[in-house]
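In order, the protein sequence lines correspond to chains X and G.
The working numbering puts the first residue of the first sequence at 1, with every later residue one more than the last.
The working numbering puts the first residue of the second sequence at 1, with every later residue one more than the last.
Just to be clear, a hint being listed does not mean it is correct.
[Unchecked claim] Facing chain G, a subset of chain X residues (Cβ under 8 angstroms, in silico):
#	residue
1	E34
2	Y37
3	L40
4	D41
5	G74
6	R76
7	L85
8	M86
9	L88
10	E376
11	L380
[Said to hold, decoys possible] Straight-line Cα separation of at most 25 angstroms, PhoX-like style, residue types lysine-lysine; simulated pairs:
#	chain 1	residue 1	chain 2	residue 2
12	G	K491	X	K80
13	G	K472	X	K80
14	X	K123	G	K491
No wet-lab data here; the hints were simulated from the structure.
Note that the Cβ used here is the ideal one computed from N, Cα and C, for glycine as well.
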Amino acid sequence: MPPKRARTPAKKTDDEEPVKVRADALAPTLDLAEQIYGQLDRGEIPRMRLPLRTKQNISFQSREGVWKLGRAMGTRSARKLDGALMLLRTFYLVDFINEMAREGKTSTLRELYYISEAWEDAKFHGEDESNLLIEDLEVMCERLREDFRLHPEENGASVIGDLTIKERNRKGVVKKINCRDDVGDGGYSLPFNVEKEKIEFVSTNAKFLIAIECGGMVDRLAENGFDEQHDAILLHLKGQPARSTRRFLRRASEELKLPVVVFTDGDPWSFRIFASVAYGAIKTAHLSSYLATPSAEFLGVTASDIENYDLPHDKLSEQDIRALQAELTDPRFGTAEWRAEIELMLKNGKKAEQQSLAKYGLNYVTEHYLPEKLTEMGVL
Amino acid sequence: MSPPPTIAQQLAAKQREISVAEFFERNRQILGFDNPQRALLTTVKEGVDNGLDACDEARILPDILVEISKETDDRLRVAVTDSGPGILRREIPNVFARLLYGSRFHSNRQARGQQGIGISAAVLYANLTTARPARVTSKVEEEEAAHVLELVIDTQKNQPRVVSEDVTLWDSPHGTRVELVLKARYVRGRQSPYEYLRGTAIVNPHARIVLVEPDGTRVTFERASTDLPPVAKETLPHPYGLELGELGYLLKASKRSGLAEFLTKDLQGVSARTARELLAAAGLTNSAPPASVSGDEQDRLLRALHDAPLIAPSPEGLSPIGSILIKRGLRNVLGELRPEFYCPPVSRPPKVHAGFPFMVEVGLVYGGGLPADQPVQILRFANRVPLLFQQGACAITNAISNLDWRRYGLDQKGGSGLPSGPALILVHVASTKVPFTNEAKEAVAEDPEIDKELTLALQAAARHLRTHISRKSRRDFASEKFAIIQRILPKLAEKTSHLVGKGVPDLTPVITRIMDIVNVETPFESDKNGVRAKVEVTNYTPRTRVLELFVEIPPDVFPLAVFEPVPDGVEAALGRAWWTLPKLGPNGRTALSFSFPPKTDVEANDLDWYVAGIDEAHILGAEPLPGDWDVRLPRTIVEAAEAAAADAAANGATGEEEVDYDAAEASAHTSEED
Ligand SMILES: Nc1ncnc2c1ncn2[C@@H]1O[C@H](COP(=O)(O)OP(=O)(O)OP(=O)(O)O)[C@@H](O)[C@H]1O
Ligand SMILES: [Mg+2]
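Just chain G, same shape as in the assembly (with noise of 0.2 angstroms):
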């Protein structure tokens, strides 16, 4: 009766050789160690990009740690310590000192790794160039004790060299900790640990990450989210995205009794009929074992199909991070900045590209502190790991730059190229196999597919920016307003008064005239006695007003709102509330108010306002209610609001234009003498 097999051993069956080593010797910079500084962020970024995997597999919410201390002048300690599932004793030396040896290459999954080259890439790196082996410590579940090993590559033969071997206890149930010393440099600022880690925790946000700097500086990224990020199936290998080599591979280790049934169940979107159809294209028989087909025959074979009609591959090996995440980790992250917006996270649906399937998120911050007169931030991320190199050859920032952002609100030299305003971009590009430009993965390569959706991506993110931006110089225009009614023209009357020596007049006539919109005022707030808001509605336009005041709240938290006075008709469904409001005259204001219990989970921008009975142009503070809700106004509304447009379109030809004094004289100011 032997136990179920534990994550970590279900994961070492897969771990396997998978090609020679000793060619990366010489060509270390196209792993990313071509210089000291590169070398210290690639040797963080393969140590976390797999205890992040690992805990993702597992299940498990991470906290990864990243100590960087000081050996010597040009030497670095570093240390990742996950608390993913641990290795089991007998894998150590090979995931950690044999290039190619991992369990990702053929998961066709999505993944952070995918090579099997990362971790042990930057074990030779600290070999080679301190000549001190690497240090690890993993524990897993059901042992008692962690087991550290000291590590070296075999350079020749491309096998592991255990150094000296111990066990120590470790503090927590399970997790690995990988240390090696190397030839490195410590920088912050750009393409630096911190600026990785920090994208890291944007697009991680269920992950706690912690940097101790070479000069004891501890950074935090708090976990922002407890739900772990859904988990991306393995998936049969498509087609469409095989190569012959693989091809070849697969044959070779299949165990199916003939072509057609290999065809079916060890690859993905081939039915039995296309099946058939495809071996006779290829002039095969079914009957032939799959690892008896030749070379000649495989080629043969993977023409046709590809030329076959096959089903999409699956999106089920894909891990978006979601737009609900994506808002949560860009504010978890830059909350010190104080944007003024976060534009709802665009999440594109799978697609295909060379027969892998992909998907593009895209999440857009603007204003606040972010820089007004410099080039956008590009945050840019492929399976959920930030890309900091080769922003210029990146499919991600062509897409960006081929967007003419100035119709969406950013400036932009000739419509074309990187936009300036101060605006974040963050790109996000999810598939069980993303097109590097190379292995260091820096980049994703263009490819028309993904740029498609890139372009469709970005797009529905910038529309939602101008949106906003029109949104806030409507704000803007109404607080003119505002400073006008306020403190001008009561001033302005006191003044006249007196000096015709009459008294002050009602000002509501006026005041009405120039605001003319129906303000929606919504302070909300919230402290450790739950959130307590207030809605006033005043009528600042010279007619009465019959309006009906619409909520939208995320459904899961509607239940908890206690709202007063209570709403004249809920759809709790659909997180939906609204009122009749009272007859509103000219400057009269009514208010309600709604509470929701200590440690609700919602906020200001979690709630929409609607308004019924106006038009656009008449309303701040609110939109006018979509048409798509379908509810049935009270007739009072729809009666006023008719009356109030016909007014308007009445009285819209009777605009006068006329030249403003203050502009015009202030245009024609130029070197004038007195």
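Only chain X is shown next, with the shape it has when bound in the complex (with noise of 0.2 angstroms):
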């Protein structure tokens, strides 16, 4: 079932038209709606049959090279008071965005928590049902949360790079942006919405991106000129991902035919990233044909650079460990190179920081570190 984007592409002549959201975006969840009161109409108990986004039921795609949700289907029923529950605040929520629609609003998914407290029984509890019950939604609607007129806060993944956009911002206006001459130190922070119709890629003469975990390697790279002397592009990931970021990389990859390198602490977390960047997240595995980026490579830190290098390192925790197992069992790592690495991990003991080969002086990583690794990936 991969998710149909609602909104056309933004067409190349009329840039300067303000983008509607199609008429039937929301049509499929007032089928819903009309599935659940023909139900109560019939007097069935109503209830309601979505994919299960577990662990377990995820597959691998060859075709696209992404985890995607398998077959294994739950259901959602009013016989039991969770199962109701939820039905209910489906259709508050189905309800709102309809009402935002008319209105031409969005709100952001912190605004309808808040507005949730209006919904009795049915409010929410926290961000993480917001969250859950909106991916539900795009799961059986086929549709995104943007369609939905739901996003998150602004969270900015930067971009510092000889890249070239568009971007059409809130005014409606078109500009033209170099996210290495145009922008301040800070680099070109993406909006939570990367689309055609808000961004678009214009040029790059860079070769590759390069994905990095913490800002401070970012800053690091940037100080030492690592873009223009080696034609890249850096991205600044901010821990785990956002949506907008992992939109950013796929299409980067998919339209500019960048490789993309992926630069992270060496721990099991950061191991996490990069299985989010390239086969998708378990939990949007509904999304991964759109998010996820199957050519991203793993650059490092791996178990075997710190002992190759050496690198100042802890100890794993306990929670390291447990991590480290819940990985072995995870599809997404079921491949022979990442075994071998979490088993080395485990088996060293040991984790380090990206910022560690700052023991060898603040150039190594550009001038030593990096090239090399880049080499033996070919990407260099």
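The two chains are supplied separately, each in an independent frame; assemble them into the complex guided by the hints.
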């Protein structure tokens, strides 16, 4: 069930025309209401069926190279209190987004959380709950949350490098921006919507894109002029990457044909960051073909880097060990390479930060480590 | 023309010396006086036990007053006053100031006191620790005034010494007050006089007990019943429980002309034929007067008695609390904890251990304010006396620990040891002779017969608990369904109707599908105008129901009940009434009401509701009619029930098994990222 985008791609000719939500964007939400209404009318216990979004129910799509939802379905039924509440919530949400569409408004996820205060029994008890329900709705309606006019607060991953884009700003004015020459030291900040109607790629001279976990490392590479020296685009992941960041990477890889490498700390949590960039996250497996960048490669810090470069390290904590063990049962890490990497880290019992490379001086990472690793990977 | 002897005179006639005393001066720890805190408790206990024993024997409703006040830093004054028959002047010195002087040692009936040590030991302790005499005031009904005696014990001779004597006016017709000053320490909490009196109040609901604590706090355990406990009849000693010394004593005291007569008349359980046979077996002749039997012959006689097939000891010497009073007593004292469940108390039939009759009673209380995360509370009693010490060494505790409570709904690590959960277990062992682990009567000793009865009684109570817990989980399940149909479904219908722009559909079919039960609601109100209750039966099932509703009420109050409408049938002797309810379609409801006049002694729990025409899985708030009721149900009801059962069987196969989406998601939600 590949999610379809409701929005038409911006046409090349009418750049200036403001984008409208297509009339049928919310139609599937009303179909859901129709379905439940019909059940109630026929005297059936209301229920919905939806694919399970669990580790056991994702499978590898070799054609697309991403992990997607499998076929196992679950039922949300009013027979149980939890199920009944979720059904009720679903329709408060559907009502709310249809109302927003009529009034031409959008809302942040945080605002939605507060809006739900008025939903009595059906109110959300945390943002997790609202996020999960929105994802459920995405799956059932084959739409994206942007179609539902819901978005996170801007968490703007930043981009530095020779990439020229056109961005349509709030007022509908299109601006051309070069992410090296037209921005400050903080780089170009990604908006939450990075779709074509918002951002268009114009040109780039870069040869690859390097996605980096920590801000300090992005700054180090920028200060050392790594982007210019090696024709690289630097992208700051800001920890677990937001949807817009992953979508941007996917588009850059697909449309600009840029190799993407991921440079993180060497610990189990960073492995998961890579997995969500490359293969998709389990909770958003329904969006994998849209958000994942299957060609992305892990640069490091690897378990063997910690040994080979003799990096300052910490001992794995109990939690780290449990996380690594969980990764061994995660189908996304099912390849021989990843198993070997995880097992090596478990065996050595060590983890290290990206910035530990500074042990050999501030230039070491740009002059030795990255060139060596990138050459090894065939990027340079 | 002398008046018939009063109770006090009768008691006095039985008082006699049992043995010597001085030994105890040096062994006061075995009597429960080894530290100041325990000495206080033991003193209170000896005084109160005697007061209750005296009242029970004299068939008087006990009024017990315990006053504890501070004398100096480490000395307390303890005064125990009872409303008993009083003690004759000439007996007072021996009762209070002579060890091993008592009326119960050979009485073979259930009493709190059994050794003739208790109160004199307390007096002795007071004498030894403060050099202050005991002050005893006692009035018997036939005298105008009360005698006041100050007493000390001559520890060399085990003889009372009267220090001073007076008479005084006493404001009630009879009673006894003993006042002691002793080295002691007052605490409240575990193993305190408070805990002891609270336990005493539970198993003696016929007693009114007042405690005045050193700081002036006055605690009253009100009487919960004015019924006196059944009289424990005095019985003859049974040979199986005899020891050599005692047999010798009985032989010596016997006035019978021959041994056969002694065996059949001074002992219980020996028939004339058995007497002849066992005398032959022991190589004794009938002609010998009992007093002349030699030590060696006594030995042979006892062995023959122990081997002979005798009639079991009579249980007439027992005075159990009884299930009604156990429940009342627990309710009276634990009321403020609002337990959700009082298990019907279990009273086992009398059995015999080592020649003595005994019986076991168990009460169990669950839920409410009882702490859920701690080991269960155990209230141990022997002959209506709370046991506060040596819990771990007691046969009662062991029997509880050896039961696998997990099967009955309580937590228990590994299926043995003390269970934990919001429960309180009361166990009462009643016997003409309770086997204790020591002289301070702190714990029941192990005995295979007693252990067997304890286990059976506990299991019976535990089964009630299991039923309650499973019913409760059914109620929780139902209240979840009520939340769905009352709070969520109407809104879901409203929202979806609004979204599709159509009218709200009739929810009856969905509601009945979700609930699929017939609910019987039995709210119960009682105030000074009497008891009123309305019974509402709602058919939350998708099919039409034809039902018969039954109520069972304690037969003594049944005639007072007024029903509206008039029942279709009654069986007053059994306290039963029943109605054929009007046909109830899906979501249909019917009601009936009843009332009792003011002051009727009846509670919601006393009424049991049953329904015929439906199976257990589809009924809530009442039970399906038990099979042994033997009533002829109307044909319509039988037919409707059969049709419903056939339908259920036919539909059972199509019940689709589906994965609950939210449950699966919740269990998969571990440390997964976004
Ligand atoms: N308050 C009282 N009213 C009437 N009689 C009493 C009272 N207190 C004691 N007696 C009589 O005095 C006797 C001796 O009492 P004591 O407490 O010493 O022994 P006991 O109660 O027979 O046995 P135990 O040693 O087990 O307590 C009792 O058996 C009873 O006959
Ligand atoms: Mg006594």
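Hints and how they fare:
no.	hint	in the structure
1	E34	5 angstroms, holds
2	Y37	4 angstroms, holds
3	L40	5 angstroms, holds
4	D41	4 angstroms, holds
5	G74	3 angstroms, holds
6	R76	5 angstroms, holds
7	L85	6 angstroms, holds
8	M86	6 angstroms, holds
9	L88	5 angstroms, holds
10	E376	28 angstroms, violated
11	L380	30 angstroms, violated
12	G:K491 to X:K80	16 angstroms, holds
13	G:K472 to X:K80	18 angstroms, holds
14	X:K123 to G:K491	13 angstroms, holds
Against the hints set out earlier in the document, violations occur for numbers 10 and 11.
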